[in-house]
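*Asks:* Listed in order, the protein sequences are those of chains A and B.
Whatever position you read off the first sequence (first residue = 1), add 7 for the numbering used here.
Whatever position you read off the second sequence (first residue = 1), add 329 for the numbering used here.
Check the hints yourself; a few may be wrong.
Covered, in the sense of this in silico footprint (three residues per stretch, anywhere, with C-beta under 8 Å from a C-beta of chain B), are these stretches of chain A [claimed, not checked]:
| hint | stretch |
| --- | --- |
| 1 | 30-40 |
| 2 | 116-130 |
| 3 | 374-380 |
| 4 | 392-402 |
| 5 | 425-437 |
Taking lysine-lysine and the BS3-like style, the derived pairs with C-alpha atoms no more than 30 Å apart in a straight line are [what the hints assert, rightly or not]:
| hint | chain 1 | residue 1 | chain 2 | residue 2 |
| --- | --- | --- | --- | --- |
| 6 | A | 411 | A | 376 |
| 7 | A | 328 | A | 376 |
| 8 | B | 332 | A | 206 |
| 9 | A | 206 | B | 341 |
| 10 | A | 154 | B | 341 |
| 11 | B | 341 | A | 376 |
| 12 | A | 176 | A | 156 |
| 13 | A | 411 | A | 206 |
| 14 | A | 154 | A | 176 |
| 15 | A | 206 | A | 376 |
| 16 | B | 332 | A | 411 |
Beyond 12 Å from chain A on every Cβ pair, some chain B residues (computed) [to be verified]:
| hint | residue |
| --- | --- |
| 17 | 331 |
| 18 | 346 |
| 19 | 348 |
| 20 | 353 |
| 21 | 359 |
| 22 | 368 |
| 23 | 370 |
| 24 | 390 |
| 25 | 396 |
| 26 | 400 |
| 27 | 406 |
Derived by calculation from the structure, the hints in this document are not laboratory data.
Cβ coordinates follow ideal geometry from the N, Cα and C atoms, glycine included.
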Amino acid sequence: MMAPPINDAGHPDVLVVGAGPAGLAAAVTARESGAQVVLVDDNPAAGGQIWRGGERAHTESRAARWFARFQGAGIRFLANSQVIAGVAASRTLLVEAPRGSLEIRFRSLILATGSRELFLPFPGWTLPGVMGAGGLQALVESGLPLKGKRVVVAGSGPLLLAVGANLRKAGAEVVLIAEQAPRATVARFALGLLARPSKLAQAAAFRLALAAIPYRHGCWIETAQGAGRLERVRIRQGRRIWTERCDYAAVAYGLYPNTELAALLGCRLDGVAVAVDEQQRSSLHYVYCAGECTGIGGAELSLLEGRIAGYSATGQPDRAKRLFGKRNQARRFASRLNAAFVLRGELRALPQADTLVCRCEDVAFAALKRSSSFRAAKLHTRCGMGPCQGRVCGPATEFLFGWKTDSIRPPLFPVCARSLVPDRSLSEDELTSV
Amino acid sequence: MPKQIAIEINGKAVQVAEGTSVAAAILSTGQMVFRSSITGEPRGPICGMGICFECRVTIDGRPQCRSCQIPVRPGMMVATT
Chain A
8 MMAPPINDAG HPDVLVVGAG PAGLAAAVTA RESGAQVVLV DDNPAAGGQI WRGGERAHTE
68 SRAARWFARF QGAGIRFLAN SQVIAGVAAS RTLLVEAPRG SLEIRFRSLI LATGSRELFL
128 PFPGWTLPGV MGAGGLQALV ESGLPLKGKR VVVAGSGPLL LAVGANLRKA GAEVVLIAEQ
188 APRATVARFA LGLLARPSKL AQAAAFRLAL AAIPYRHGCW IETAQGAGRL ERVRIRQGRR
248 IWTERCDYAA VAYGLYPNTE LAALLGCRLD GVAVAVDEQQ RSSLHYVYCA GECTGIGGAE
308 LSLLEGRIAG YSATGQPDRA KRLFGKRNQA RRFASRLNAA FVLRGELRAL PQADTLVCRC
368 EDVAFAALKR SSSFRAAKLH TRCGMGPCQG RVCGPATEFL FGWKTDSIRP PLFPVCARSL
428 VPDRSLSEDE LTSV
Chain B
330 MPKQIAIEIN GKAVQVAEGT SVAAAILSTG QMVFRSSITG EPRGPICGMG ICFECRVTID
390 GRPQCRSCQI PVRPGMMVAT T
């Protein structure tokens, strides 16, 4: 399908933010339904984190099918561009693109902003070489060679197995996979997979790929050590404590929804995720949300939610409705998974007085302990006031102290002052027509 | 074999495959420290996806670039701190 010319000032019917599985499915569905669609993503290629690197890097059949539909659809794709502000009432987003910022207006907006990894502070976690599990994998997919490098994978959730298998395929010597959840809950979850043959096959494939790598339950990194960079980690499993030498530690304690843009626009949140109705509609009737910004659930659920949002946003509630059953089933699976990998209290005791919690402003645990809320901590210590704007320390302090991060302000990311005043419209030649 | 791109990292010539991110290129030279924190601690990337801002470097004279989100371009000059 040819992309129709964008209207006078380049404003689409449907604007989709985020080109991971949910955003791709939403954009393709809306476009195939006849809408003009602009898709914005801050990465160089479509695919999000799970299919990072786009169709060249991800040839598994499901990803390939979606990339093929995306390629032929006639969607306008604005890559390397991030939304820095937005005004819900005037249905406008301010987007910083490589050629400068611009305003994009829309009739309907679909937010598919995905999730980020949940990082928890422990002594030494700021040493270069300590990364997120998905973070290290993303770097590998962006060309980082790992041949001969020793890696400890730690944290929680099935992502650890996937990352372990992929890092090994990339040539890394994966020394250990440390899962903080106890064996019993992980085993109970694994039994539940018997009812889901596709998931079971996936899990079995990972186990096979990891055959010789120790996978320990109830096990976590207590400290990371090294002079100027990571050299070794101290591991605990029950009463046993030992040290592993490593070049990288890939550590993540799960995923956390990216709700900043939705919150800024005024969409109601439900806990840490954006609240949506059956049609994936947020509390603002022209803003739909799909994928992990509405709760952590994996690629299959994200694709279903994206399709539903694509139909809903183009006025086809009946077609959306046909997917509710499958989506609700995927949601039930996700909630079982999230329950199996709940974080243990011992992780709250890992930070010491001088362990940094806010990595942008270098605020230590002891300074934060004196505060009563995230807002108070911001005022007194500058915690959360640096360039990441609380995206790393916010969820960490929520886990450590039960704080809520409740003050989202534009710009959503640090930008050049120039970008705050858009002086141009979207032009045809900066869009990849796909 | 993917096309090789020539860039400079801290004044040293480096060849990396097309499509490689600047962050991956820096790490592949063995350089783990990308920047110095406000209290002078060495830091490198943690999130790999443009969220954490720990991988900031100077690219072609422009400071504060998130190196994990930027693919290498021929002749690019990269400086860590």
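*Asks:* Run through the hints listed earlier and report the numbers of any the structure violates, in increasing order.
*Replies:* 1, 3, 5, 7, 8, 9, 11, 13, 15, 16, 17, 18, 19, 20, 21, 22, 23, 25 and 26
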